[in-house]
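Chemist: Chain by chain, the residues run as shown.
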Amino acid sequence: MGFKLDYLLSILPRLISAAAVNLRLAVIIMLLALVLGTALTIVRSRKIAAVNACIAVVISFVRGTPLLIQIFIAYYVLPAVGLDLSPEVAGVSAIAFNSMVFVSESMRGGLATIDAGQIEASTALGLPPHAIWLKVVLPQLFRRIVPVLINEATIVVKGTALLSVITVVDVLRTSQQIASSSYRPFETMIGSALVFLVINLAISLSGRLAERRFAAARA
Amino acid sequence: MHFDPAILVDYWPLLLQGAWLTLQVSVAALLLGYAAGIAVALIALTPGWLPRLVAGFYVEILRNIPFIIILFVVYYGLPFWGIRLPATLVGTVALALFASAYYAEIVRAAILALPRGQFESARAIGMSPANAMWHVVAPQILRALVPPSTNMTLTMMKESAVLSSITVPELTYQSLVVQGNTFAPFEVFAAVASIYWLIAAAIAEASRRLERRVGAVQAEAVSRNRIADRYLSLVARRT
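So the protein sequences, as listed, match chains C and F.
So for the first sequence, this note's numbering puts the first residue at 1; every next one is plus one.
So for the second sequence, this note's numbering puts the first residue at 1; every next one is plus one.
Careful: at least some of the hints might be erroneous.
[As the list claims (entries may be wrong)] DEER-style ranges, computed between Cβ atoms:
(1) C:Q118 to F:L142: 32 to 40 Å
(2) F:G48 to C:R14: 18 to 26 Å
(3) C:A124 to F:A113: 33 to 41 Å
Don't read these hints as lab results, they were simulated from the structure.
No residue lacks a Cβ here, since even glycine has one placed at the ideal position from N, Cα and C.
Just chain F, with the same shape it has in the complex (with noise of 0.2 Å):
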């Protein structure tokens, strides 16, 4: 068999279009599901084991169901409760939704890192707690925040491949619709793969430069010998 790429060229347009959509849909689930981890990741630190319960429940759930699944959920469960909406806009809410999950783990584990006097300090001299976590407890957390965000983010820029299952005309669902006029999988794909390897050293980048912007944290340093680099390294040694 042989490669051609000369097949697609009636098709870039549809695959552009579809990688534009996978890029909206992707920052329109970080912003809803970063600001609904950051409620859920303060609720679960919320004095009291009711709050602690519900933010468990809402993590615990999400976190060990199939995106896809999630997917239809919402979908189906939409209409059951009288909300119609666009397929496109159904699959932005439960990527925000699936993320969401993870954000508040990682907002919180942040929160948790700082030493609890902190806080407490900003209390004692009559801070109000939004007023101690918003001036005192976030900006210390911001630099822990970004690797872990990133992560999830091009996870979930990664998982937002499955909104083709329920028609959100996105980068997938464009493959495989080029991929049924064109028959030539091997073409469609590897473009389709190159374009999500794109947007996920994109989205890579966005985030180095944001670390470096909030100071990034220091990898240990690890000492080690030549004879243990042989079996406990898998990078060359830089002489």
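Just chain C, same shape as in the assembly (with noise of 0.2 Å):
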């Protein structure tokens, strides 16, 4: 049997409305994550010692296991506990969790590229430590790492993929359901593949433009 081009174009409408789902997930881990990833950078940033020890658990845990494993965790361990979350909640916890050390990672790296004059200019002046954390260190701090966020952000929508295992209807699911009657899993799977490198590249390269962006407002 040949590659059949038409039965590809016929099945791409219903995956790019499955997209959606992708997308829309793939958006709130990312806000969850920027939030909850600078919350953890600002505490760790206090230094103290019990409470970064423990971080520094979680840190490696989340690093040192599969995301898949992190999903299977938030879907199945969870609701042992009493937490009862939908496949979805349970989902974008779990990746949400996930790429919030990465971006208080990223963080990390990022705060040792800021001039310490800053600092020793904003605490000379009597700022309250939240003002030189909203109006000094983070609006910097979040243009150096705009390169590292893009390319977390397509992590996170590869990573919306892997909830299709957790009964989450997304690109892939409806590929599988649709390919379970057509017969036809090959074309049907490079449908999906296109509709996520579709999404990443135009990710990828409005990343770049902010980019260009940014490096033109320093200027």
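Reassemble the complex: the two chains are provided individually, in unrelated frames, and hints are given to aid placement.
Modeler: So, in structure tokens, the structure goes:
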């Protein structure tokens, strides 16, 4: 049997509408990861030994275990401790938690590139800590880590495909449903691959444009 | 709810078998993927727009599609072209394919970071391109390759969990089997997460040893002061 391009084109509309699910979840995850990652970074900057030791263990856990296992933990283990989450919520929590750690780790790297004189000046001016964070450190930090965050966004989009494993009807699960009735899994999978390719290339491209604007704004 | 590791007593062999397969698949995909990655990097650096374009497509396509979808494309694609392989082999090939795109970028970046004169002088004294690469470029980029390659290998080992979805009996697959038999998700996933954690730690340790052999890249010392450290550093100052 040959490759059926017309079949591939006929299923694309269904895959594209399923992509709305991946996109919506990815946006929620990224927002959560940014907010939680920033909060985690600020907590870590307080350098309370016991707290930072616990956070270090959590970070090592998140970085040392597969995202799929983290999703299974949210999906299977949390209900056992009384937190009965829908597949979507469980999946979003798992990926957001994972991404939070990566956001905080890239912020750690970004912080080291900020000029110490900025903090000295703000401290000498008597700015309160929250103002130093919000007005001095974070705006510069976010600009510097835009490339990393864009990369993280594509990783999050790719991560949402894993949610099909816990029954979220996303692009991948939709394509599996289509394939089970059409018996053309290869073309169907190529279709979902194309959908993800387009989404992620669009994210990378807009990221590059944003970078250029930020670079121009700084000059 | 309580935590009862005794539930797993009968299932440890299954989990260990799974962990062993995860290791084997990861090592095979590392070797295969790195070989392919070096080839793609060299193609990308060949003069002329066509090789660069082809290598660029290869890398961008593989890096922008979720691994689980690459896996299914290979899984359904091979039979489509008349090739039938056992699931474990299919999974290893897909994993190597996925990792090769990232290894290619790592190798390419390391070669580009080396001053061009190195390769050109080697060519000027009459070495063939292959000899210049092997005797002049390769030894110099080795140390720069270790840290990013380790990161990628860790990522790849973790992605191998996805092979469970095409029934490769690796660690994640076995964990789902045990979970189905025991209905003890807490114990099962705690055990499995710990095993992955151990494998990751082993890979990181192996890389540290390798780094010591090839000579570690010196981390840049950051000159800081106490006031700035309150905001710009996340680790306590050692005094």
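Chemist: Would you mind marking each hint as holding or not holding in the structure?
Modeler: Hints and how they fare:
no. : hint                         : result
1   : C:Q118 to F:L142: 32 to 40 Å : holds, 38 Å
2   : F:G48 to C:R14: 18 to 26 Å   : violated, 41 Å
3   : C:A124 to F:A113: 33 to 41 Å : holds, 40 Å
Hint 2 alone, counting from the list given before, is not met by this structure.
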